[in-house]
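Student: Chain by chain, the residues run as shown.
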Amino acid sequence: MKQAGGWLWRVSLANLFFLYGPIAVLILFSFNASRLSATWQGWTWQWYRALWVNQALLDATVNSLWVATVSTVLALFLGVGLAVGLDSLPGRRQRQIEQAMLLPLVIPEVMMGVSLLLFFVLLQIPLSLMTVMVGHALFNLPVVMIIVRARLKKLDPRLMEVAADLGASYWDTLRHVTIPLLRPAILGAGLMAFTISLDDFIVTYFTAGPGATTLPLKVYSMIKSGMSPEINALSVLFVIVSMGLIGLSLLVQRR
Amino acid sequence: MKSSPPAGRAESSGPVASWWLLGPGLLWMGLLFVVPLSLVLVISFAERGTYGGIVWSLSLTNYLDLLHPLYAHILGQSILLAAVTTMLCLIMGFPLAYYIARAAPGRQGMLLLLVMIPFWTNFLVRTYAWMFILRTEGLLNTLLLKLGVIAAPIELLYSNTAVVIGLVYGYLPFMVLPLFVALEQVDRTLVEAAWDLYATRWVILRRIIVPLARPGIMAGCLLVFIPSLGAFLTPDLLGGARSMMVGNLIQHEFLVARDWPLGAAISCLLMLFVMGMMRWLLHAAKPVSRQEDAS
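Residue numbers (this note's numbering), protein chains in the order written: chain H, 1 to 255; chain R, 1 to 295.
Simulated from the structure, these hints should not be mistaken for laboratory data. This structure is a prediction, so every number in the text was calculated from the model and none was measured. Idealized CB from N, CA, C, for every residue including glycine. Errors might be hidden in some of the hints.
[Unchecked claim] Covered by chain H, according to a simulated footprint, are these stretches of chain R (three or more residues, beta-carbon under 8 Å):
(1) 34-41
(2) 133-140
[Stated by the list, open to error] Partial list, derived from the structure: chain H residues whose beta carbon lies under 8 Å from chain R:
(3) Asn15
(4) Leu26
(5) Glu109
(6) Ser115
(7) Met227
Extracted from the complex, chain H is given alone in its bound form:
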């Protein structure tokens, strides 16, 4: 198969070019001085500066940060509890629940958004930032659980047994042995959940009430009302923040 090597490499390179080209284009043209055309007319920072003074954008950023923080904390509490508590169930039950928790990640996101909308409206819960937070905690819970459980399965069960043998109660063992050992996974899961929340559009779109505009909702409405270099600049900031956070999450989990 030696001869195939060069061909494979070229196709792979084309794939990577396809994956990175559009992002590179976006970054490059966020510095383009021309407002309208896709022809290069010199460097400028002005689109980034325009973002900085856009009050609506700053408000949306604050909303997004709130939603991401609250939903991450919620998902961490519920998800870590679930991951750890699952160990006390019989093996078959564990696998059933683990598999069921994949479902929210697999079904089309529109389904989740619509079902939450229906739920809130039928219960007459007004849509607001709160409902967005609840929705985000919903799709982040399985993410947290899966990451934490992956780590949990790698831990040496003898460590917990020793603690129990030495007379530690279930809670003591949890607090002083299990949770500290899980800390990298919990931190990593938290960063991952935070990023997913910051980036989410669809569930937010269906569960946000008037005035509860998050950054992706704002970007969406900007795109809908016409292309502008400000959107390019904002997109670049998005790219940098998500990549940075995910990179950090992976780095933390590696320990």
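Start from chain H and add chain R according to the hints.
Tutor: Relative to chain H, chain R alone:
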């Protein structure tokens, strides 16, 4: 699977105490995932009130409405676009996954990371990037005009082609990762043996690699097909008026037309389709035992 932790550590006060840990999470999922989805199912049998409300009833009207050519067309088109997307992802992703699977272990990690990084950037932003490239005054048209390839800008954006490009772009990593996992496990000595026996490259691919990598191929196809089928953002931003997909139809019924029962019926159909595909995959991907026989 193998390492279900010993029950020993939980035995003392565990089972009772652990319900305090499990309870809230399970309750949360039940209340906000199971209940709302069940509500969608229930509502799909209700009827639309005169002012857009819900009239509780038990009828199949909404499902029968879906047989209308207009809706049937959108459903069919969604399946078609998702299928084309899946095929393209497979064709593009397979060589890449194969290349990564054969790379040195040190490079593997880096290459996989390279595939994943674009996936971690905001989906909205990635879709916007294609609008920027494909629109009439966009990068591609500008370039082609400058190079003299075309005399007048061509309509690329707001078409089914643009939707497929956006979907392939968004979900290619979903294809590459499971393919990589499967291809990495393919025993290389088998390929070498076939090579020694003068099998052509095509025969090796068809008779050895593809059958062995089948579970990964199926998983990859499913992971691309499902989100493509339910896509909302991509057809919304890149598609034209005629490239509406199921996701857009659901959104339209819920937020614009305010016909919730009909929207719920479409959602249920989509859900049924997705669940059916998953079940089928779990069955079809099972003959992993064949892989063991072969090696």
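Student: Each hint: holds or not?
Tutor: Results for each hint:
1. Coverage of the segment 34-41 of chain R by chain H holds [criterion: at least 3 residues with CB-CB distance below 8 Å; count 5].
2. Restraint check on the segment 133-140 of chain R versus chain H: 5 residues with Cβ-Cβ distances below 8 Å, three needed, restraint holds.
3. For Asn15/H, the interface hint holds, since its Cβ comes within 8 Å of a Cβ in chain R; the closest pair sits about 4 Å apart.
4. This hint holds: Leu26/H has a C-beta 5 Å from the nearest C-beta of chain R, less than the 8 Å allowed.
5. For Glu109/H, the interface hint holds, since its Cβ comes within 8 Å of a Cβ in chain R; the closest pair sits about 7 Å apart.
6. Given the 8 Å rule on beta carbons, the hint for Ser115/H holds: about 4 Å separates it from the nearest Cβ of chain R.
7. Of the supplied interface hints, the one on Met227/H holds, with its beta-carbon coming within about 7 Å of a beta-carbon of chain R, less than 8 Å.
Hint compliance for this structure: no hint is broken.
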